[in-house]
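Enquirer: My request is simple: use the sequences and hints to build the entire structure.
The sequence shown maps to residues 0 to 340 in numbering that gives the first Met the number 0.
Please keep in mind that the hints were generated in silico from the structure rather than gathered at the bench.
Predicted model, so just to flag it, every value in this text is computed and none were measured.
Treat the hints with care, since some could be wrong.
Heads up, simulated EDC-like pairs for lysine to aspartate or glutamate below, C-alpha to C-alpha not over 16 Å straight-line [what the hints assert, rightly or not]:
| id | residue 1 | residue 2 |
| --- | --- | --- |
| 1 | K1 | D114 |
| 2 | K39 | D213 |
| 3 | K206 | D193 |
| 4 | K223 | D213 |
Cβ pair distances, simulated, as ranges [as the list claims (entries may be wrong)]:
| id | residue 1 | residue 2 | range |
| --- | --- | --- | --- |
| 5 | K67 | Q249 | 32 to 40 Å |
| 6 | Y204 | R238 | 23 to 31 Å |
| 7 | I150 | N333 | 18 to 26 Å |
| 8 | F52 | R108 | 18 to 26 Å |
From the three backbone atoms N, C-alpha and C, an ideal C-beta is built for every residue, glycine too.
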Amino acid sequence: MKTYFYSIGLHKEGGLNILKKFIKENNNYIYILDKRLKGKITVKNSIFKSNNFFSIFIFLIYLKLKLKKEDNLIFLNGLPPILGFKCNVSVTFQNANLFREFYKVNTVRWLFSKDFLRYLDFKLGLNNVDNWFVFSPLSKIILSKHLKNYINLKTINIFENYQSINLDTNQNYSYDFIYPASLMNHKNHKLLIDVLIELSKKNIYPKVLLTLSDKEKKKLDFNKLKNKHKINLFNFYDRDQQRFQNIYKQCKALVYISSNETIALPIIEASMYNLFIIAPKLPYSEQFIKPDLSFDINEKNDLLKCIEICLKNNFKLNNHKKENFKFKSNITLNNFFNHIL
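Expert: See below:
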């Protein structure tokens, strides 16, 4: 019996973090990795493949002919295979953006997007899956609506090893706020920048750290924006997860303003480092912990007030107690391998 973890398409951000968690837990299986990770990830048994339709289709045909009934094929990339296999097939779902109603995208725009192609893939491959897995309660709700009466849907707790990190309370912080996110539309960087501009008019200049790539900084016109409005914007970008997480130690608070998420990993990470947390009044925000302050994402002044309150109270609230990290799941990542194999 052989087990294959198919992860072509996972090469950055949340998907890559989840892949690394699986590899760290058990790297004895065969991992089919995105070619863009070559030289960046070391796995004992690995196969690197390009992320283009023709290459993927040919490789799936190869797997279909190669795999035996007793084998296992697990798709970590969130999409079911368009081909049927005689072996056991599992999918870990993580990208709700393929469903138009989740991101509330204009229909015409959605029809000409990669998400629509992923949606077609999802619909074509539904009947080729034996087991579905998700990583958050919200993901389970979203996926359940599209699986109808599908019963083999379970939640994996990939956060069971997350623990609070005790920091020196007298340390010097470099930044007031951090917003770790790419420059995708639903991440709402414009909202944050508009609020910082409004605060500058009140002579309030919090130090805010973004995490944009060079390409994203150029698209945002980062330096010109910063100089024109005299706002304290900074940037830190590092693909290495350990170095990236260490930047939380230099920040007092997380401001998270994404309009749609299934997990929102930065909220969990910020909680580990005991940061003050500001997040929207949306379902994803309270899946695992309760933010210190919440705001209406459709009201710019609501976010502005939260930041002002945070600064005024020196990132503390009277009579406020942080809730412990919480997560209810069917299985943990630790016993996932025994559960499925």
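Enquirer: All hints, please: hold or fail.
Expert: Hint check results:
1. K1 <-> D114: violated, 32 Å
2. K39 <-> D213: Distance of about 19 Å is beyond 16 Å: violated.
3. K206 <-> D193: holds, 15 Å
4. K223 <-> D213: holds, 14 Å
5. K67 <-> Q249: 32 to 40 Å: violated, 51 Å
6. Y204 <-> R238: 23 to 31 Å: Between Y204 and R238, where Cβ atoms are some 30 Å apart, the hint holds.
7. I150 <-> N333: 18 to 26 Å: Given about 24 Å between the Cβ atoms, the range holds.
8. F52 <-> R108: 18 to 26 Å: holds, 21 Å
Figure legend: structure checked against the earlier numbered hints; hints not met, in rising order: 1, 2, 5.
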